[in-house]
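Undergrad: Given next are the chains, with one letter for each unit.
2 protein chains.
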Amino acid sequence: MKLKRQKPKEKFSYDPQKVLKKLEDLAWKILEEVKSGKNPYFDVPTRGLNNVYFDEEARLIKLGDKLSRRYFLNVAHARKFTQTLILMAYIKRLVSEGKHASLREAYYANKHTIPGTRENTFEDQSESDPIIEDLERMLGVLREEMHITADRRGYIYGDIVIKDGEDEFNASKLGTGGWAVPGTVEHIQFPEVNVDYVLVVETAAMADRLIEEKYPKKENCLIVATQGQASRGVRRLIHRLHYEEGLPIIVFTDGDPYGWYIYSTIKQGSINLAYLSEKLATPDAKFVGMTMDDIKEYNLEHVTEKLKGIPPDKKGGPTGDYKRLIEELNYPWFQNKEWQRQLKLALKWGVRIEQQALANKSLEFVAKEYLPEKIREGKLLP
Amino acid sequence: MKLKRQKPKEKFSYDPQKVLKKLEDLAWKILEEVKSGKNPYFDVPTRGLNNVYFDEEARLIKLGDKLSRRYFLNVAHARKFTQTLILMAYIKRLVSEGKHASLREAYYANKHTIPGTRENTFEDQSESDPIIEDLERMLGVLREEMHITADRRGYIYGDIVIKDGEDEFNASKLGTGGWAVPGTVEHIQFPEVNVDYVLVVETAAMADRLIEEKYPKKENCLIVATQGQASRGVRRLIHRLHYEEGLPIIVFTDGDPYGWYIYSTIKQGSINLAYLSEKLATPDAKFVGMTMDDIKEYNLEHVTEKLKGIPPDKKGGPTGDYKRLIEELNYPWFQNKEWQRQLKLALKWGVRIEQQALANKSLEFVAKEYLPEKIREGKLLP
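If you read the sequences in order, they're chains S and A. For the first sequence, the UniProt record's numbering begins at 1 and goes up steadily by one. For the second sequence, the UniProt record's numbering begins at 1 and goes up steadily by one.
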């Protein structure tokens, strides 16, 4: 199997005017209600597990259609209603002025005592964050599109040209460092894409190994280092590289429940952020390793480690790695024989295998044999 | 006060040949002892608090001169002696071949069963890491100079040209992302330095704020985002920018015991890594904020947060933030009236103030008023 760039499925479409329009439409609705003496309200899609489902066809975790109505003239709702309006006004200002703020800045910027009262608009950030999530759900836009940036983590390396504002540069010409992925990637464009696929790598140490071995050049791919769980910026970047640039996505993590969870989040989205799946997830992503079968295939038995926590058949279990493993066994998107096999083997053997354990063969092994062979022979998990 | 680049105090001096020479000299010594029928040994500088002191003149935490002798023909020493030799051979290969390995790879690569025995060279990484630290102390070289890379974290943004291998690029032309600092910065050179100083920033969100406000351009500085505690790579980079490029270093963290600890580590080195202070620390660094006095000066009382943990005068205290605060009150390098004042105020008020709390004034405030004013007026802590 030779991985190749495919036909793009989406076009670059970020347009701050659309976000402003949505905010204004909603604000006009409220204003009309006030003017006509009605009790103004917002309809907010319900959060939580009971409003989340797995769409088999789109293969995405999606938000259901349950709504809760939030009235201004209701003592139980008035606070959140007001907070929603305050943040809408703030976001409108941010987007209009082309400025970005972090969640924390959005909280601090809008915290004040309401004149003539002893009431604070927000007591702490745990009040403002959920309102911003509500707005994402209500408007169907990412908070990044509303110029509220997420925490940043992760970097990329490979032969693509990135255009970010006035700057244009090739992400394979930045030495051993690579390009640090910003919190918001909405505005970024890709004038040139010279790679065949994207390899998403869990650990920085492994990404750096591959860079040192010149893997991105030899295999003509882009390395995306997530540095643990993929940040929203990185997930959005992967999504865009797949849908807008047609790049196949291959994920490479440690062979353990946490690594597989990282894969699962990139591929299917997370339950907490179900309403974002369509913009953040990439259901076509494939998994190259590490797998339990790799342990036997490459004679890595002596460099495995024990899973942490209590197994399900022991008193107090399952906890730790075992608990996550049991959850993963039940994920709708892991209901296929390949994943069931890996997850059950992990449960049976009680071990994990790290990416870097491949260094036991040789430093070069992962770049010269493991990855190229598995990818060429299509030994990928769905 | 106008910050300006000063005369460099050191020259770029990384030379892998010097590291190889040190390794070989030590190996020859061992070989000679074996040949002449002596019991071969290593002299290893003792680790731990009792072999660490604060050098008042150099203003650095330094390693004392206590040694422990590790013999081959001693049942208590033989294992560590052998491990030391194994890793010396491995490092020699890495440096000769121009390759790098992470601590974890170094462990996996050297884990095997010794032929004819049931003995493993290393049982887990907690056996190999300390040997590498021992080698740093024994040879007086950073593990990065031995091509063992540290975890990477942090990025930079500003008008300097970086040369990393064949790549040369300007770190102010990388969009909003910035350059991801690699685990090892020994080999990096700075062909052009067009900034007046370095501003080290604790949080990515604040660094991104300053980038969005074009602070690096307006104030002609380089932003270094540590993203929490500064990684070894970032600390080494700061050290080199100061000593080799003459750049003043200004540190900007949250106003809390953890932020001040980040400053302390950049400035004076850490006790764990005392033997590295001369290459990793930058005693001339200054601190711009956040301070307790900022709270009153800028009317930020309503956006402070409570310190975590139990105060020293309460039952079970001090814990958490308070425990660290008490430790900091006793640091030799905080024995000056400015720092004693800030630390005692924090203890008295029991509050902390975050960098991002400045957003309560306005998003621009930190970039247009707070930092430029404090730096211009020299309101910096030693």
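Incorrect hints may have been included.
Copies of one chain are not kept apart here, so a pair can be met inside one copy or by any two copies together.
Straight-line C-alpha distance at most 27 Å; calculated DSS-like pairs for lysine-lysine [claimed, not checked]: (1) K217 with K344; (2) K99 with K218; (3) K374 with K99; (4) K337 with K361; (5) K66 with K296; (6) K4 with K374; (7) K99 with K38; (8) K348 with K337; (9) K286 with K22; (10) K29 with K99; (11) K163 with K217; (12) K286 with K7; (13) K92 with K368; (14) K38 with K2; (15) K29 with K306; (16) K337 with K29; (17) K337 with K2; (18) K361 with K92; (19) K314 with K4; (20) K92 with K214; (21) K99 with K217; (22) K9 with K306; (23) K218 with K323; (24) K173 with K368; (25) K214 with K163; (26) K344 with K323; (27) K163 with K18; (28) K62 with K379.
Hints are computed from structural coordinates only; laboratory data are not their basis.
Undergrad: Now, for every hint given, state plainly whether the structure supports it.
TA: Here's how the hints hold up against the structure:
no., hint, result
1, K217 with K344, "neither (36 Å within a copy, 55 Å between copies)"
2, K99 with K218, "between (40 Å within a copy, 17 Å between copies)"
3, K374 with K99, "between (44 Å within a copy, 24 Å between copies)"
4, K337 with K361, "neither (29 Å within a copy, 57 Å between copies)"
5, K66 with K296, "neither (48 Å within a copy, 47 Å between copies)"
6, K4 with K374, "within (16 Å within a copy, 54 Å between copies)"
7, K99 with K38, "neither (34 Å within a copy, 71 Å between copies)"
8, K348 with K337, "within (16 Å within a copy, 62 Å between copies)"
9, K286 with K22, "neither (35 Å within a copy, 47 Å between copies)"
10, K29 with K99, "within (26 Å within a copy, 63 Å between copies)"
11, K163 with K217, "both (21 Å within a copy, 19 Å between copies)"
12, K286 with K7, "within (18 Å within a copy, 53 Å between copies)"
13, K92 with K368, "between (51 Å within a copy, 22 Å between copies)"
14, K38 with K2, "neither (62 Å within a copy, 60 Å between copies)"
15, K29 with K306, "neither (58 Å within a copy, 40 Å between copies)"
16, K337 with K29, "neither (51 Å within a copy, 59 Å between copies)"
17, K337 with K2, "within (24 Å within a copy, 67 Å between copies)"
18, K361 with K92, "between (55 Å within a copy, 18 Å between copies)"
19, K314 with K4, "neither (47 Å within a copy, 65 Å between copies)"
20, K92 with K214, "between (45 Å within a copy, 22 Å between copies)"
21, K99 with K217, "between (36 Å within a copy, 17 Å between copies)"
22, K9 with K306, "neither (42 Å within a copy, 50 Å between copies)"
23, K218 with K323, "neither (39 Å within a copy, 52 Å between copies)"
24, K173 with K368, "within (22 Å within a copy, 33 Å between copies)"
25, K214 with K163, "both (24 Å within a copy, 18 Å between copies)"
26, K344 with K323, "within (13 Å within a copy, 45 Å between copies)"
27, K163 with K18, "within (22 Å within a copy, 42 Å between copies)"
28, K62 with K379, "neither (29 Å within a copy, 52 Å between copies)"
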